[in-house]
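Student: As a plain string of letters, each chain reads:
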Amino acid sequence: MFDPSIATLADLIIASGGLFIAFYLMALGHSVVEKSGILNLAIDGTFALTATLAFFMDVYYNNNLLLSFLVPAVVAMLFGLFMAFTLTKFPVSHGAVGLSLMFLMYGLASIIGYGPRIVQASLPNFSPGIALTVEERVAGYLVMLALGLLTYWLIEKTKLGVSIKASGEDPAAAESLGVNVLASRLIAAAIGFAMIGLGGAAYMNFYVRLWDERSIILSGYGWLAFAVALSGGRHPLVVLLTAFVFSILVHSSLQFVAWFNISRELSYSLPFIVAIAAMTIYMATPLRRILAPPRSLGRIYFREERTV
Amino acid sequence: MVSIVVVRRVKPIPYFVVPIFALVIGIVVSMAILFFLTGYMVWPTDVLKSIWDGLTHPNVIANIFLLLTIIGFSLALSFKGGIYNIGGEGQFWIAAWVMVYLVFTTPYLTSGAPLVSKVLVLLIGFAAGFAWALVAGLLRGFIGVDEVPLTLMMNYVAYYLIDWFVMIPGMPWRDVYGYAKTRSLPQSLQYSILQGSTVSVEMIVVTILAGVIVWLLLDYTRLGLTIKIHGSNVKLLRSAGYSVPLTAAVALALSGGFIGLAGVVYLCGVTPSIRIPVETSTSGFGYLGILVTWLSMLELFAVPIAAYVVSSLYNAGFTLMAMKGMQQAGVTAGVTNVFIGSVLLMYALLITISEYKIKIVW
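Going line by line, the protein sequences match chains A and B.
Each residue of the first sequence is one higher than the last, beginning at 379 in the working numbering.
Each residue of the second sequence is one higher than the last, beginning at 32 in the working numbering.
Everything labelled a hint here was simulated from the structure, so no lab data went into it.
Cβ atoms here follow ideal geometry from the backbone N, Cα and C, with glycine treated the same way.
Each hint should be verified, as a subset may be incorrect.
Claimed, not checked - Okay, the calculated bits of chain B under chain A, using three or more residues with CB under 8 Å as the criterion:
| # | stretch |
| --- | --- |
| 1 | 178 to 185 |
| 2 | 194 to 204 |
| 3 | 383 to 389 |
Next up, chain A with everything else stripped away, as it sits in the complex (with noise of 0.2 Å):
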């Protein structure tokens, strides 16, 4: 039975506190790409393997939490990198691109995973990663609010960030006026996919604590984390809300079940239609004016050389 009391809705908060911190890291990198032009649909793939790199470091590494996130972010800042350089060296899709890294990663992330879950089976009382505490919960809460805060003033306020945006909107202007669009693009693919990482690695130590194919690779939430930044206007602070309402909505989607007396396979889909009802609310209100993507956001952009 669904109790609305201050309580319940507290203790849901500070529960849902590892899932926020994953999901808003994971969204403020998507949001600091595609601030750059740079269409990210790797960002499920970058999810699944960085998740699971998390919990190979964990296996391997006796729960190293250092090595556990370093590694991730390091990963996923490479293949971004790697996406930035192609999108902004040569015309290829955006989005064939990302779609084949997906792949790519669901592939890497199944190989890779497997063989430290076989570990994991053979050590007693193992689990990968840290049982936030409460204290630890709403410290998180705040480290991100400090992140978002910290983004606001790297995309609003610095030169750095303004050459970002200006290769969002319009690349050829911007080269023009002397902004190094791919020095900016691959500067915002590092530190964005880097988070990416860095979330992807708070989901497995802060939150689901376990490795199988269906809770990472299948679990889609990678997309939730696209529809949280895109929901969001990819603006850093309004990203904090939807991150917050999303992570409440998948926490506590099991709760559906004797909240609302829901079959449990219908509250595992909730996430994934609010998200599908998020992005078209975002489309079909002013809001899309208000938090206007960048007009060059996923359009081939590349310097053509017409005399050699």
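With chain A fixed as given, assemble chain B onto it according to the hints.
Tutor: Coordinates of chain B only, in the frame set by chain A:
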């Protein structure tokens, strides 16, 4: 200083060069990935042997080949219109589910001649796939929601809805022994396998019909022309007085309809019940179809060729799994995703060279 110079070619290179290169380089990349990530347990020769096994044993891959051919035709229809339908998985399973639902709740559907029943369920599958894709099509066309994440997320919705439907207690489609699957389709709907093969006449006929209908639709109807113009010049379509949103919606919906046929054919011709959770038991035909369509360069005649190659790659994942064993090498069905990802990535990058020369200057 080293710099990369991109120059447009005076004459594009033949279109078949890119998919062949993409396939070869993609397989080489996959071999390297599998070799290193499995701790040298999957040798390149193992990969080549597993692919070769598929290529040289048509009987083994025949069912997958026919299904992927239908999906390839279907996706080509929307891709030609510049509408990237990534929701084939959802359309495939929703069509299969609606058919199961109606078969077990509407007895007269299977009470007539088997041929009539088989045709009826195909029409039902088409309508179900069409309707499911139309939701995405309308949102894409009239509201402007990006169809790629939209159709992808609808796949998850479809998976979970079907998981739910299948397990509703007391329903006529529930497996009588309580297993997590539906009852098998009545014999009158199941396709009969040709002697000495693994396929049925019905599957072959539906595949050919799907290809012919898509071809006629695209090349000989006004609707096909508007879909193709939508893919190349939206402004022209608008200035000619056609509804751009409606064209996008119809292209996506038609694509979903034809994929729906594949869903029905799968249940009638390959496995007669739906197992859940669908998201873990699915073979991912909707995603494999994307690879087929891109490798065919959206040329309908090349779809079967691409489908044959992709079927071999798909089969190779399972052959490797059987050869090496999951526990020893960590080789799972996910290997197929490595093949898909590598070949698609190479295709996405190499498509550039069909129109541009890339020079490294220093």
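Student: Take the hints in turn and mark each one as holding or not.
Tutor: Verification of the supplied hints:
Counting residues of the stretch 178 to 185 of chain B whose beta-carbon sits less than 8 Å from any beta-carbon of chain A gives 6, enough to reach three: the coverage restraint holds. For the stretch 194 to 204 of chain B, the proposed coverage by chain A is satisfied: 4 residues have a C-beta within less than 8 Å of a C-beta in that chain, meeting the threshold of three. For the stretch 383 to 389 of chain B, the stated coverage by chain A holds: 4 residues have a C-beta nearer than 8 Å to a C-beta of that chain, and at least 3 were required.
Comparing the model with each earlier hint shows no violations; every hint is respected.
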